[in-house]
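Hey, can you work out the whole structure from these sequences and the hints?
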Amino acid sequence: MAFWDYANPTRFLRLVQVVLPWLIGFCVLAFAAGLYMAFFTAPEDYQQGNTVRIMYIHVPAAWLCMMCYTVMSISSIGTLVWKHPLADVSAKSAAPIGAAFTFMALVTGSLWGKPMWGTYWVWDARLTSVLVLLIMYLGLMTLWRTMDDPIKAGKSAAILTLVGALNLPIIKFSVDWWNTLHQPASVVRMDGPTIHADILWPLLIMAVAFTLLFFVLHLMAMRNEILRRRVRALRMRAASVSRPGTAAATAQPAE
Amino acid sequence: MTGWAMALFQRDLRLSVRIGGSALVGVLFFLAVVTVIPFGVGPDLNLLARIGPAILWIGALLATLLGLDRLFQADREDGTLDLMLMAGRPLELVILIKCLAHWIATGLPLVVAAPLLAIFLNLDPVSMGAVTLTLLVGTPALTLIGAIGASLTVSLRRGGLLLAVLVIPLAIPVLIFGVSSADAAIHDPVPFVTPFLILCALTLIAAVVGPVASAAALRFSAD
Amino acid sequence: MELGTHAGFIIASYALCILTVLVLVAWVRIDKANQERALKELAEQGISRARREHESR
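These protein sequence lines are chains A, B and C, in that order.
All residue numbers for the first sequence refer to this note's numbering, where the first residue is 3 and numbers rise by one.
All residue numbers for the second sequence refer to this note's numbering, where the first residue is 15 and numbers rise by one.
All residue numbers for the third sequence refer to this note's numbering, where the first residue is 620 and numbers rise by one.
If you're looking for bench data, these hints aren't it; they were derived computationally from the structure.
Careful: at least some of the hints might be erroneous.
Unchecked claim - Pairs of lysine-lysine residues, derived as DSS-like cross-links and limited to a Cα-Cα distance of at most 30 angstroms, are as follows:
(1) A/154 <-> C/651
(2) A/174 <-> A/116
(3) C/651 <-> A/85
(4) A/154 <-> C/659
(5) A/154 <-> A/85
It should be emphasised that the depicted structure is a prediction, and the values quoted were computed from it without experimental measurement.
Structure below.
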């Protein structure tokens with residue numbers, strides 16, 4: 003039972019207790035500033051009119067669904083290489099948050115697409131890649147739920163996460179290829195370096211706000227996961243106390 | 015070294031050909047999928063000829079997914095998998111050999127059946143050949159990628175459905191380049207060789223990543 | 620604040636995002652309450668981490 007003796011999770015919980023109020027404060031401030039600028043100071047786009055305001059949530063959500071996968075990949079390396087228990091917790095609690103942000107990116111993307119393209123969904127390269135990413139998040143979450151032992155589930159999910167991380171660039175590349183093959187460039191694109199500062203600033207602030215939101219939720223979810231594992235360990239110990247005959251053998255594998 | 019590899023290969027091949035004739039069931043499923051598509055999209059021969067390669071590829075993907083959950087599960091149930099883990103042979107190589115045997119038993123029959131099913135879909139000889147060639151090159155990649163999913167879900171009682179969900183996103187590039195190189199041979203908007211070579215590259219990548227990742231997964235699920 | 624002809628789409632996308640974030644926050648809080656209640660129940664039964672650390676020493 004070396005897991006808790008290292009006291010890492012305990013120290014981590016104490017750290018969360020200190021950091022979390024500050025993070026929440028900054029997050030709320032950033033959202034207030036970002037939303038104010040998005041609605042009141044940012045100008046209308048000359049092509050897209052007011053729908054450009056959807057961009058201030060769509061782009062940060064899309065950026066976060068990539069960042070969340072990056073966090074999960076780094077955590078998975080931590081699980082497999084250093085066998086750090088917190089890495090496992092981090093990867094597991096990031097998955098639902100990543101799935102939620104991916105969902106947000108998809109929904110806002112298609113709501114933006116309806117006035118722009120005239121349809122809710124086009125099989126655009128980016129939308130399609132994000133849809134694939136959502137399927138991967140949901141698959142990972144399912145894999146975690148179907149395995150009882152958190153350690154084994156963590157390792158399995160870490161392998162799948164890393165294989166996915168290897169595969170995502172290939173998927174992106176092949177979807178791009180497929181898209182240029184089937185669709186001539188008819189999609190309105192707004193990338194390019196010449197975004198006006200009045201649009202860029204609210205976008206950046208919203209990106210910061212979303213990032214802070216991710217870290218707030220991630221830390222809270224990690225705390226829950228640590229508590230859940232404590233409950234699990236204690237329940238197994240309770241079971242072993244009440245049935246001493248089979249105790250010693252069954253209590254061990256949890257951590 | 016080749017002795018045990020050959021023995022393992024022959025054992026796996028014999029088992030997968032014998033038990034319930036999984037190779038035949040896969041081909042039957044492939045036939046059923048291809049038969050069902052015209053009921054969905056209508057019997058328009060021009061349309062079928064246009065989407066024929068895609069139908070054959072999707073049918074092959076589904077048929078491959080169907081057989082994958084037995085890749086390691088039978089061995090786990092009778093304890094052979096534990097013996098393989100303890101035998102001290104490189105597990106990556108063991109998995110590669112198992113995948114090869116599994117592909118010859120389930121993937122190769124699909125490739126052989128593809129030209130016959132192509133007749134139903136009104137494909138001309140050139141595209142028939144192109145689809146068969148891309149399937150020949152691409153289906154090993156499906157098996158190898160599927161091995162990752164199979165080893166992750168090996169300890170689950172009903173892992174088949176989850177396996178499909180986990181594997182399909184990873185198999186998308188293979189599907190894209192398989193279909194587009196078959197299409198390229200027919201309509202030639204791009205030369206056939208470019209997507210075909212990328213498909214070959216994907217298979218080679220899968221031959222490395224698949225065995226390494228699934229060996230890691232099997233080791234973790236065992237201890 | 621004028622949102623023009625596409626106000627519905629803008630409001631819908633913001634509303635859906637806020638809803639998603641609220642669901643996430645609710646999930647995190649409910650989960651926390653559940654785990655803490657479970658820990659408390661276990662402590663009432665005399666099973667707690669403090670006691671185990673005490674025993675192991």
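Status of each hint after checking the structure:
Between residue 154 of chain A and residue 651 of chain C, the direct Cα distance comes to roughly 23 angstroms. Compliance with the 30 angstroms bound is thereby established for this hinted pair. Only pairs whose Cα atoms come within 30 angstroms are accepted, and residue 174 of chain A paired with residue 116 of chain A is accepted, the gap being roughly 23 angstroms. Of the pairs offered as hints, the one joining residue 651 of chain C and residue 85 of chain A holds, with about 25 angstroms between alpha carbons and a cut-off of 30 angstroms not exceeded. The suggested pairing of residue 154 of chain A with residue 659 of chain C holds, with an alpha-carbon distance near 27 angstroms, which does not exceed 30 angstroms.
At most 30 angstroms may separate the alpha-carbon atoms for a hinted pair to count; residue 154 of chain A and residue 85 of chain A meet this at roughly 12 angstroms.
When each numbered hint is compared with the structure, no violation occurs for any of them.
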